[in-house]
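Enquirer: Given chain A, work out where chains B, C and D should sit, using these hints.
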Amino acid sequence: MSALIDLFSVAAIGAGLFFFFAGTVGLLRFPDSLTRLHALSKADNLGLGLVVLGLIPRAENPLAALKLLVVWALVLLSGASTAQLIGRALRRGRK
Amino acid sequence: MSVLPALDVGLALLVVGVAAWTIAARNLFASVVGYVAYGLLLALVWVRLYAPDVALTEAAVGGGVTGVLLVTAGKRLDALASAEVGVPPGRALKILAGALAALVAGALAWVVLTLPSPAPSLAPAAAEAAAGPGAGLGNPITAVLISYRSFDTMLEKVVLILAVLGVWSVGADAAWGAAPAPLRKVRPDGAMILLAQFLAPVGLLIGVHIFWVGADAPGGAFQGGALLAAMGMVAMMARLAEPPRIDSRKLRLALVAGPAVFLIVGVAGLALADNLFAYPQNFAKPLILFIEAFMVLSIAVALPMLVCGPPNGSPK
Amino acid sequence: MDEFLLSAAGVIIATVAVGLVRILRGPDDVDRLMAVQLLGTGGIAALLLTAYATRVPGVDDVALGLALLAAFATMAFLNHLDAGQGDASQGGSEP
Amino acid sequence: MTPPILAGLVGAALVGFGLYGLICDPHPLRKLLAFNLVGSGVFLVFGIVARRGAAAGFAFDPVPQAMVITGIVVAFAASALAVALILRLAAASGKVTLDPRAWTKRDDGGAR
Chain A
1 MSALIDLFSV
11 AAIGAGLFFF
21 FAGTVGLLRF
31 PDSLTRLHAL
41 SKADNLGLGL
51 VVLGLIPRAE
61 NPLAALKLLV
71 VWALVLLSGA
81 STAQLIGRAL
91 RRGRK
Chain B
1 MSVLPALDVG
11 LALLVVGVAA
21 WTIAARNLFA
31 SVVGYVAYGL
41 LLALVWVRLY
51 APDVALTEAA
61 VGGGVTGVLL
71 VTAGKRLDAL
81 ASAEVGVPPG
91 RALKILAGAL
101 AALVAGALAW
111 VVLTLPSPAP
121 SLAPAAAEAA
131 AGPGAGLGNP
141 ITAVLISYRS
151 FDTMLEKVVL
161 ILAVLGVWSV
171 GADAAWGAAP
181 APLRKVRPDG
191 AMILLAQFLA
201 PVGLLIGVHI
211 FWVGADAPGG
221 AFQGGALLAA
231 MGMVAMMARL
241 AEPPRIDSRK
251 LRLALVAGPA
261 VFLIVGVAGL
271 ALADNLFAYP
281 QNFAKPLILF
291 IEAFMVLSIA
301 VALPMLVCGP
311 PNGSPK
Chain C
1 MDEFLLSAAG
11 VIIATVAVGL
21 VRILRGPDDV
31 DRLMAVQLLG
41 TGGIAALLLT
51 AYATRVPGVD
61 DVALGLALLA
71 AFATMAFLNH
81 LDAGQGDASQ
91 GGSEP
Chain D
1 MTPPILAGLV
11 GAALVGFGLY
21 GLICDPHPLR
31 KLLAFNLVGS
41 GVFLVFGIVA
51 RRGAAAGFAF
61 DPVPQAMVIT
71 GIVVAFAASA
81 LAVALILRLA
91 AASGKVTLDP
101 RAWTKRDDGG
111 AR
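Chains as they are written, first to last, in the UniProt record's numbering: chain A, 1 to 95; chain B, 1 to 316; chain C, 1 to 95; chain D, 1 to 112.
These are calculated hints, taken from the structure and not from any lab test.
Be careful, since some hints might not be right.
Stretch-level coverage of chain C by chain B, calculated; a stretch enters the list once three of its residues show a Cβ under 8 angstroms from a Cβ in chain B [what the hints assert, rightly or not]:
(1) 23-29
(2) 34-40
(3) 47-59
(4) 68-82
If the Cβ cut is set under 10 angstroms, some of the chain A residues that face chain B in the computed set are [as the list claims (entries may be wrong)]:
(5) 14
(6) 73
(7) 74
(8) 77
(9) 78
(10) 81
(11) 82
(12) 83
(13) 84
(14) 85
(15) 88
(16) 89
(17) 90
Predicted model only: the values in this text are computed from it and were never measured.
Each residue gets a CB set at the ideal place from its N, CA and C atoms; glycine is no exception.
Chain A extracted, bound-state conformation (with noise of 0.2 angstroms):
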């Protein structure tokens, strides 16, 4: 049991990895800021997500657990908004 839980993180912990690799690569080698912005919230929302997904079995106690989802929400939440603002400021040409 407990092997499998471990390879659950693992696997989803790895999978959490590749997306913050892949957004940092994103924002240092895409052409504008838009596309940056695109590859920013990959990172944001799915590394975190699938690192959180991945420590949840892991959790002590069903408050931790909760605790874990909450803090991606917020991050989810934070992330899509800023995303659309920074969208928004970028095609006023505020920069």
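Expert: Just chains B, C and D now, kept in the frame of chain A:
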């Protein structure tokens, strides 16, 4: 050999690098962006030092609120004065300053490397305060703040009020009593309003939670209050709330509530527990939570007022 | 398993740190904002991973606080950018 | 090298960078930022004293940690006061500088 040392060294290099960047950056905005990143990294370092309480305070006050203070100030400064800035110092002074800075940093590093071993510690005294008669606090830091060094904490709240008074007093005479300028002039986008509408209530809940668990787990009045203050500023930045008039009685009551309640309970200790700032047995923990609740209120009100600045506009 | 969690934290910190090059290079302030945003998310992920590996108590509340503040500074920066545009339209100089 | 010592050295470096910026940067708000860097460096040194003072079953000495928490809040209050003074100065002099020579140049002939 574990990966932990490598992680620590990497984090340390990163903190120093970002700090150097905030000094080297070309303009104020870039340097403040760097400072916010720096505050966040520092919070990670504090967690590694087994100080989650400090980490939370550093992230909220050191990085977040200070960053907002500086950006807001930069914006107001641009509106006030020409972009003309004093001349940077000449090469000689720069070299001299660099030498001085290196000397001070070197001396400090030497002190760090030659700290006495075993290290002196007040932990036993704090443990005694935490487990003291009727207190039973699980979080030793809360015990130190409210019980062991209660006088410091009370005076620190007074300092906060004095700072608010200081900020208010540099406003124009004619504006006394009016509200400070809003944190944002332009009407905010729908996305920002939505964000604030979600974030502020959830943040309120989390802030109160962190204050409440602070008696036994990491958290407490400072951290909870700082988070609540940040949420108040979120509401102000989205123009869901406006800074209150500084002659508002409610505002002033909220500001003095923390130190006032602390002081009253402290003096009452003279009669009830035969010492200044001592708490009666069997009654200490609810009393401590009572004091802390008012401290949360004062901090949550004082920090946004400090960022909002002096009154601006005409008094009614 | 703890070793894996710590290594994952290290990898995230390292990638996000490389992303900070965007703070250095810009070219626009928005790009700098994005780098800080990525650092914020990565910082939360690394914090959670390290906390679960070293079992420092109370770190889930720190993560909650950080997640709450994820958009805080960005909101102020966006306010700044919007205000900057307002000034420019009145004939102010480009910053 | 133990993590506390490492963090202490970081603190020392931060104090150094901050001090340099405080002296050399002409912009008053950036001077303030540099000063905050010095402050956080000092807090960090204080923090390692706390970590090394682990005793009585705690992983740290709570007294210095509690003082760092109050210190962070006081440092912020002082920064806010400094910001208010800087803005007032800029409003009064029309210049973004702490250099007194710049003000006297402008106030030439003006009645005091």
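Enquirer: Against each hint, give a clear statement of whether it holds in the structure.
Expert: Results of checking the hints against the structure:
no.: 1; hint: 23-29; result: holds (count 4)
no.: 2; hint: 34-40; result: holds (count 4)
no.: 3; hint: 47-59; result: holds (count 8)
no.: 4; hint: 68-82; result: holds (count 12)
no.: 5; hint: 14; result: 16 angstroms, violated
no.: 6; hint: 73; result: 9 angstroms, holds
no.: 7; hint: 74; result: 7 angstroms, holds
no.: 8; hint: 77; result: 6 angstroms, holds
no.: 9; hint: 78; result: 7 angstroms, holds
no.: 10; hint: 81; result: 4 angstroms, holds
no.: 11; hint: 82; result: 7 angstroms, holds
no.: 12; hint: 83; result: 9 angstroms, holds
no.: 13; hint: 84; result: 4 angstroms, holds
no.: 14; hint: 85; result: 5 angstroms, holds
no.: 15; hint: 88; result: 6 angstroms, holds
no.: 16; hint: 89; result: 9 angstroms, holds
no.: 17; hint: 90; result: 13 angstroms, violated
This entry does not satisfy hints 5, 17, going by the numbered hints stated previously.
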